[in-house]
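If you read the sequence shown in the numbering used here, its first letter stands for residue 1, the second for the next number, and so on.
Don't take every hint at face value.
Computed Cβ-Cβ distance ranges for the label pairs, DEER-style [unchecked claim]:
#1 135 - 95: 37 to 43 Å
#2 163 - 219: 43 to 49 Å
#3 200 - 62: 44 to 50 Å
#4 55 - 84: 22 to 28 Å
#5 41 - 95: 36 to 42 Å
#6 195 - 111: 22 to 28 Å
#7 247 - 157: 29 to 35 Å
#8 252 - 32: 39 to 45 Å
#9 107 - 195: 26 to 32 Å
#10 38 - 85: 49 to 55 Å
#11 111 - 135: 26 to 32 Å
#12 176 - 110: 16 to 22 Å
#13 88 - 110: 52 to 58 Å
#14 129 - 95: 55 to 61 Å
Keep in mind the hints are simulated off the structure, nothing from the lab. Beta carbons are placed, not taken as given, at the ideal position from N, Cα and C, and that holds for glycine.
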Amino acid sequence: MNQESPSFQGGECQDANALATSTNHTRRNVQGVAVGDLNHDGFSDIVSVSNFDSPEPIPLQPYPFTYGSPFDETALFVPTFVPTENPGEFVWSGLELPDGTLSVEINSADNGNGWVEVQGIGTVGLTPDGHVNRDGIGAVFFFTPDNGQTVMQPILGGSSYASQDSLAANFGLGSSLQGTLEVLWPGGVRNRLYNVRNFERLLFPEIPCSFDGYWSNRLEYETCVDTALTDLVNTGVLPRQQVSRFFESAIRAFNESQTVPEPSTIMGLGILLGLGYLSRKHDN
Numbered sequence: 001m002n003q004e005s006p007s008f009q010g011g012e013c014q015d016a017n018a019l020a021t022s023t024n025h026t027r028r029n030v031q032g033v034a035v036g037d038l039n040h041d042g043f044s045d046i047v048s049v050s051n052f053d054s055p056e057p058i059p060l061q062p063y064p065f066t067y068g069s070p071f072d073e074t075a076l077f078v079p080t081f082v083p084t085e086n087p088g089e090f091v092w093s094g095l096e097l098p099d100g101t102l103s104v105e106i107n108s109a110d111n112g113n114g115w116v117e118v119q120g121i122g123t124v125g126l127t128p129d130g131h132v133n134r135d136g137i138g139a140v141f142f143f144t145p146d147n148g149q150t151v152m153q154p155i156l157g158g159s160s161y162a163s164q165d166s167l168a169a170n171f172g173l174g175s176s177l178q179g180t181l182e183v184l185w186p187g188g189v190r191n192r193l194y195n196v197r198n199f200e201r202l203l204f205p206e207i208p209c210s211f212d213g214y215w216s217n218r219l220e221y222e223t224c225v226d227t228a229l230t231d232l233v234n235t236g237v238l239p240r241q242q243v244s245r246f247f248e249s250a251i252r253a254f255n256e257s258q259t260v261p262e263p264s265t266i267m268g269l270g271i272l273l274g275l276g277y278l279s280r281k282h283d284n
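Let's have the full structure, built from the sequences with the hints guiding it.
Structure below.
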């Protein structure tokens, strides 16, 4: 946080304009918060649940001590226990607090910038070599808009207190129209997808063929990718019209990341070595 920003000066940590059209959490004892793009507009929305709310007649009291935080001056609590005449002794105040509430806050902005959303899916049990869990938890997505900087987002389990954030990753494009998406799966496999377009929502399955792995030649890598994509189509995970897109991106990523001899090159080298051997044998 930027504690020197105007919103934090003098202990003031609230945005009055935002609160005017949002939920007032002052009297909510929030125990669960999760974020995700609920209305598919590229902005993360917030869902929160409180285990009780404090009615307006109940006074909120400031904390009797501080932590040196910019929130100290606005930190309040409900006096469910009150002190007695005996030092260090408290008794129940008799307050009956109502049940909590559910709050859904939709985030929006009209800045004209683009975005993409990606949902990862592991292919363990779907392809013979798939190892990642179906939710893709543990994967790390990297998105690079054209002429922009790379942004990283991990997919986490238990990503919020008593809650789970959306397993989809959202990325902004700014003024770019497309970008490149890369995923590092648990176990070290890397896949890449080029030309991810503005406002696109896509499913990215684990292809258990790392473009930066060790391959004796490109044909071996191509065969691995082709087999995996065929399995994903047959199991209904990947639409058939998406196959060529993922295959072409996989080959391009391979070509850009490493150089290995083509099968024809290996064969030609073997022939040359063989001719050299025969020539030496003939000379002897």
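Evaluation of the provided hints:
Remark: the range hint 37 to 43 Å for residue 135 to residue 95 is upheld by a beta-carbon distance near 41 Å. Distance hint for residue 163 and residue 219: a CB-CB separation of about 47 Å, consistent with the stated range 43 to 49 Å. Between residue 200 and residue 62, the C-beta spacing of about 49 Å keeps the proposed range 44 to 50 Å intact. Between residue 55 and residue 84 the Cβ separation comes to about 25 Å, which falls inside the hinted range of 22 to 28 Å.
At roughly 41 Å, the beta carbons of residue 41 and residue 95 sit within the given window of 36 to 42 Å. Between residue 195 and residue 111 the Cβ separation comes to about 23 Å, which falls inside the hinted range of 22 to 28 Å. Remark: the range hint 29 to 35 Å for residue 247 to residue 157 is upheld by a beta-carbon distance near 30 Å. Between residue 252 and residue 32, the C-beta spacing of about 43 Å keeps the proposed range 39 to 45 Å intact.
Separated by about 27 Å at the C-beta atoms, residue 107 and residue 195 satisfy the suggested range of 26 to 32 Å. Look at residue 38 against residue 85: about 52 Å separates their beta carbons, and that is inside 49 to 55 Å. At roughly 31 Å, the beta-carbon separation of residue 111 and residue 135 lies within the given 26 to 32 Å, and the hint holds. Taken as a hint, the range 16 to 22 Å holds for the pair residue 176 and residue 110, whose Cβ atoms sit roughly 18 Å apart.
Roughly 55 Å separates the CB atoms of residue 88 and residue 110, a value that falls within the hinted 52 to 58 Å. Against the hinted window of 55 to 61 Å, the Cβ-Cβ separation of residue 129 and residue 95 comes to about 59 Å, which satisfies the hint.
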